[in-house]
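4 protein chains.
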Amino acid sequence: MANKVMAAVAVAPKKTEIRELDMPELTPDSGLLKIEAAGVCGSDWPMYQSERPGPRILGHENVGYIAKIGSEAAKRWGVKEGDRVALEEYLPCGHCRLCRSGEFRSCQATDIFHNERAIRFGSTPLTVKPSLWGGYSQYLYLHPSTVIHKISNHVPAEQAALALPLSNGIEWAMIEGGVKSGKVVVIQGPGQQGLGCVVAAKTAGASCIIVSGLTRDEQRLRVAKLLGADYTVDAEKEDLLERVKEITGGEMADVSINVASGSEVTIKNAIEVAKKRGTAVFAASNKKPLTSFNMDAVISKHLTVKGVRGHSFDSVEMAIQAIESKAIPLAEMCTHHYGLEQVDEALRTVGGEINPGAIHVTVNPWS
Amino acid sequence: MANKVMAAVAVAPKKTEIRELDMPELTPDSGLLKIEAAGVCGSDWPMYQSERPGPRILGHENVGYIAKIGSEAAKRWGVKEGDRVALEEYLPCGHCRLCRSGEFRSCQATDIFHNERAIRFGSTPLTVKPSLWGGYSQYLYLHPSTVIHKISNHVPAEQAALALPLSNGIEWAMIEGGVKSGKVVVIQGPGQQGLGCVVAAKTAGASCIIVSGLTRDEQRLRVAKLLGADYTVDAEKEDLLERVKEITGGEMADVSINVASGSEVTIKNAIEVAKKRGTAVFAASNKKPLTSFNMDAVISKHLTVKGVRGHSFDSVEMAIQAIESKAIPLAEMCTHHYGLEQVDEALRTVGGEINPGAIHVTVNPWS
Amino acid sequence: MANKVMAAVAVAPKKTEIRELDMPELTPDSGLLKIEAAGVCGSDWPMYQSERPGPRILGHENVGYIAKIGSEAAKRWGVKEGDRVALEEYLPCGHCRLCRSGEFRSCQATDIFHNERAIRFGSTPLTVKPSLWGGYSQYLYLHPSTVIHKISNHVPAEQAALALPLSNGIEWAMIEGGVKSGKVVVIQGPGQQGLGCVVAAKTAGASCIIVSGLTRDEQRLRVAKLLGADYTVDAEKEDLLERVKEITGGEMADVSINVASGSEVTIKNAIEVAKKRGTAVFAASNKKPLTSFNMDAVISKHLTVKGVRGHSFDSVEMAIQAIESKAIPLAEMCTHHYGLEQVDEALRTVGGEINPGAIHVTVNPWS
Amino acid sequence: MANKVMAAVAVAPKKTEIRELDMPELTPDSGLLKIEAAGVCGSDWPMYQSERPGPRILGHENVGYIAKIGSEAAKRWGVKEGDRVALEEYLPCGHCRLCRSGEFRSCQATDIFHNERAIRFGSTPLTVKPSLWGGYSQYLYLHPSTVIHKISNHVPAEQAALALPLSNGIEWAMIEGGVKSGKVVVIQGPGQQGLGCVVAAKTAGASCIIVSGLTRDEQRLRVAKLLGADYTVDAEKEDLLERVKEITGGEMADVSINVASGSEVTIKNAIEVAKKRGTAVFAASNKKPLTSFNMDAVISKHLTVKGVRGHSFDSVEMAIQAIESKAIPLAEMCTHHYGLEQVDEALRTVGGEINPGAIHVTVNPWS
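Chains as they are written, first to last, in the numbering used here: chain H, 16 to 382; chain E, 16 to 382; chain X, 16 to 382; chain Y, 16 to 382.
I should point out that these hints are in silico values taken from the structure, not numbers from a laboratory.
It is possible that some hints are incorrect.
No copy is singled out in the list; a pair is fine if it fits within one copy or between any two copies.
Straight line, CA to CA, 30 Å or less: simulated DSS-like cross-link-like pairs of lysine-lysine [as the list claims (entries may be wrong)]:
#1 K83 / K144
#2 K19 / K29
#3 K290 / K49
#4 K290 / K240
#5 K260 / K165
#6 K302 / K290
#7 K49 / K30
#8 K90 / K260
Pulled out of the complex, with its shape left as it was, chain H reads as follows (with noise of 0.2 Å):
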């Protein structure tokens, strides 16, 4: 193995450049991940064009082989060299309420959000020592808090890749919102997290799935069916309130689910849409206060509104059955593919600035 490590490091909004870092020195609990695929998520795309908090390797859906490992972390772990993993991006304490009662996603150790000093694969800049903390990179350090999966060889590694998503769309449809047999479920935005809904949905039995998107987002609309849609909506075309009621009988969703990042009408309809004592999960925020929200409808209907970040240990691990059972079609998510050169091409589609109708992109940074 080589001492120097290739990775696309963001050096500054909207440019990354191919850096040779030092291998990482291992202790016994802690090891080396040799990357295969690195996802694209939708809140790279901030993160990239932000100029906070310095130089950093972006990249936290990731699927790779154990290249080393410390002898504390192969136990601890259950996994040996050669194995073949997906991480979560949490970097969790493993010892505070939270963690000790399964919400490590929300562990002051790893919540960017809330705590400057926290780490996290993909967001953490090189400054922490020993750097390689991102995705779109050769290797990636395998800190002794990761959080592993293991996953089998058949699958290929772009699907891989979905472990991450998929499991965004198992929490907030089936584990947050509910959704289960015989309920129907109405999905604001068909990228790649709404999709994960979508599957999650199927998965779950839903009986009726609408997904609502805008008029460039055909194509991916056209993905939410093989997935398992039964109806979708071009909400610049049609009304969706107006279609949702026609295809409901006046009925209206068990469930609806807001992935769409997020006019205020598109969160006046996730209301709108749901039926009384039904539920409105909000995945996706546009950071601004809102300028207008119904709250009388929220308590008139006896709505449950929640907000969601994020996955569980154990809807990765649905997640991960649902890529190995074949069963689902996942490879039509599967639209682009690029390599640690292309990480600033990767990076603007799925921003949106280039190819358009883009769903799960991946990094593959041996290419």
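Following the hints, position chains E, X and Y against chain H.
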């Protein structure tokens, strides 16, 4: 028994008059209640001020003795003449999916907010026969759909009339909000509904109960403490968020419950005061869309927001059990009692026009 | 309409005879069902063999068309003459705590196992007027307490008569057992109830469904596979525990469901086959106390054991939705159809005296 | 600090001897606890009588001060030298699916009942270095997997040592049993675990708590009343079923909790005493298969039966909160205190050989 019934009929905005109405003829599946006490609810106030839907008898927190009962009704309800009962306001169909699943309060037949032809105690007009639908009357018609709860003779009538407000507290704090042993709860609004939440939270074992109100609520906040609040906050003089931060050592609340009829800042605080992974329950609506709402906080804190309405059969049973136990100083809540000729005064008290600091107000139509 | 009704009346142990009964007079709150198909349930067999409680019409899995309906009933149930409906067997009071909380199947009024005077379709004797309580009859009396579900005209009658067996599967596997996406389920007993559990588990997204039966169940096990079972086990030829260990790589089952009428070894296996923290659901009783039970395994594996009975309104709605979807090859379950004169044969088929391998048996009283 | 540690080592069945052991050398991720008090648990008794697995220090209900701590451990656990903590007995791996989902008590690494090589406080032999695994010792080794809870200095040591018994009560009664406001609970067995259930049930708002014991438990039953029991039953002199029927007006119990080490009649009563749709929780095993079990009652009453073990992180936090609140007369439970030289006496007390009526017994290794 006389064949005329004296009742206070709401005939115009903010005006009732005493009328003599016909005693109804009963079918085997209906009955007649001799009203002992009818509580005045905050929701009576907008109805009292409204022009529509024509003359009607208000009053839906009703307690009394079975005066007459049909053979079929006696069998179904398991009661006989002379039994003391508390009624729910709902008159559900009993046969729809919601009724069959324990959610009868949302049944179309009783939902006056979404169905113009719905019937319900305390709001159905005189034109719907046999007219005796409200509690500010000597007798009330026991429609076959009546939801009945037995209550012990030993309870003072005005405390018995707390069955519904307390059941709301149990439903909103305990059942919907998930308050249980060890939880920190913030309750905004120390009216009878808010104090019902205090009683519920205390009964459920909450470790810290914080109640906020306005400067004019001084007396209500004092009662909150008697009922189990650990801290009270005058939100006009103190910063609620700062106080909760201080009290909880920065942890904030597991559950916030908004039963203040709601300026926007109150709603904003309800969201801000909830900790990561917490729950914010909204029971009070100002009927207007909010002009600002921090959905980003809901998402980034992974909150559950619940709009709630009314009570379930179970929560009313639990409320009655709490009332019968005599373990709670409920007499402190019973601040005002009126006769039939003083119904306008009773309503204006609850509306806040007179008698500031009033909590639970009852009408005894025989005094 | 004739004023006589032909019905197969159970008059002595294992003996029915065709009798001509009076057409009932209807009140405004009752109705009359023209039976299209009545399913034969395993629980009919002990009743058919029993001496008590006097002559009665069996048959409680009933589907048909509304032949007559009182004005009040039409309004309450939302149906009119000519509508097609499936009935639950329960005749609940509608007013007790259990009924008001969605648990009407446990209502005292319909619980013939704990209340001698309870009434219920398919078991109430002729002496309780108007006698037409069972489905092996041209017409059935629609008592005011009837629990009604609409069902589409396009469904073949014998599949429509699967509403209750499938709802049992949904209730036991999905709602009580918690089967959902990714779970491993073992179902003991491939009769119509067990196959109902297979359908439910499949619909709910179970990742692995294992069904065990006896050697004589070969054909039923074949149908189990058509309905979604991943593995079937002949428990007389193979060791169920070893097979499950092998299939699951030693993990064992998340949920076991016992719908085999139960030798002690079956019950022992139901406990043994469940993994640590798993659930074992028991639906079938042999009516005798067990002479051995490994409570220590229940404790040391931290298991949940559930005794279950019947279905909820929701599970019947979900079953009908599944039937109407045409997505499941339910025709494979419908093995035997009989006319009114062949009710004894139908019952002996379900009792296992004739036609081994039968699954769902229906009576069409008009053929 | 001396470099030798005095400990009571269990060397043969029912025999401990004081030995001088080496002070462990610490790594950055471990620490050392100066034991203040170690509670004696009923489960120590069988281990104390057993030959295997070789000499070891018993004692797993441990409270003390951090004497030394590695830099890494200090950061992970959020503690420093001098902090007072209570420990769980578990030493979970932190990385498996159970650990990651909040169920670390079932982790293979700590499950000494299903895994011979598992480690755990109070049962791991001296041969596993650094030997100081039990609380009947001046110091305890804080392994990197230790589960730590802070506890206030103001709490008397022997009450602090109630953290685990009370957490069991909270876990079994409240979390597993679902005891909450308004529920009727029967607790069989007034030892420290049973009384922990009383405290939990009271805290959760149970409306009626009935505790049964034997004639020799008279004093314990008296303490049960001080802790919140409404009724106590001497099951040798009174018929438990009859008493519960009488107290509840025939309704019977929502939840029964069996923490008596269990004759068959006790287990039979645990099932009989539960009402229709109720829950029976079993925490105590007699380790032998039962020779009779009424599964038919489980089914016909639609019961949930739960085998339970130990506590979750959350229940220990709730227990400590209850202890710190000073609201419960826990001093009444703390009946016996011993020094290190009296560990045999302490164990024989809990085993029932001496000091009948003892409840919570602690060892203070410095006295």
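Verification of the hints:
Taking identical chains as interchangeable, the C-alpha atoms of K83 and K144 lie at most 30 Å apart whether they share a chain (18 Å) or sit on different chains (28 Å). Within a single copy, K19 and K29 get their C-alpha atoms as close as 25 Å, which meets the 30 Å cut-off; across copies the closest is 61 Å, which misses it. When the C-alpha separation of K290 and K49 is checked against a cutoff of 30 Å, the pair qualifies neither within a copy, at 48 Å, nor between copies, at 35 Å. In this homomeric assembly, K290 and K240 come within 30 Å of each other (Cα to Cα) only inside a single copy, at 23 Å, whereas the closest approach across copies is 37 Å.
For the identical chains of this complex, K260 and K165 are inter-copy neighbours only, at 20 Å across copies versus 43 Å inside a copy, given an alpha-carbon limit of 30 Å. When the C-alpha separation of K302 and K290 is checked against a cutoff of 30 Å, the pair qualifies both within a copy, at 27 Å, and between copies, at 19 Å. Taking CA atoms no more than 30 Å apart as the test, K49 paired with K30 passes inside one copy only; the shortest distance there is 24 Å, against 55 Å between copies. In the homo-oligomer, the alpha carbons of K90 and K260 lie at most 30 Å apart only across protomers (24 Å), although the nearest pairing inside one protomer, at 55 Å, exceeds that limit.
The structure fails hint 3 only (numbered hints given earlier).
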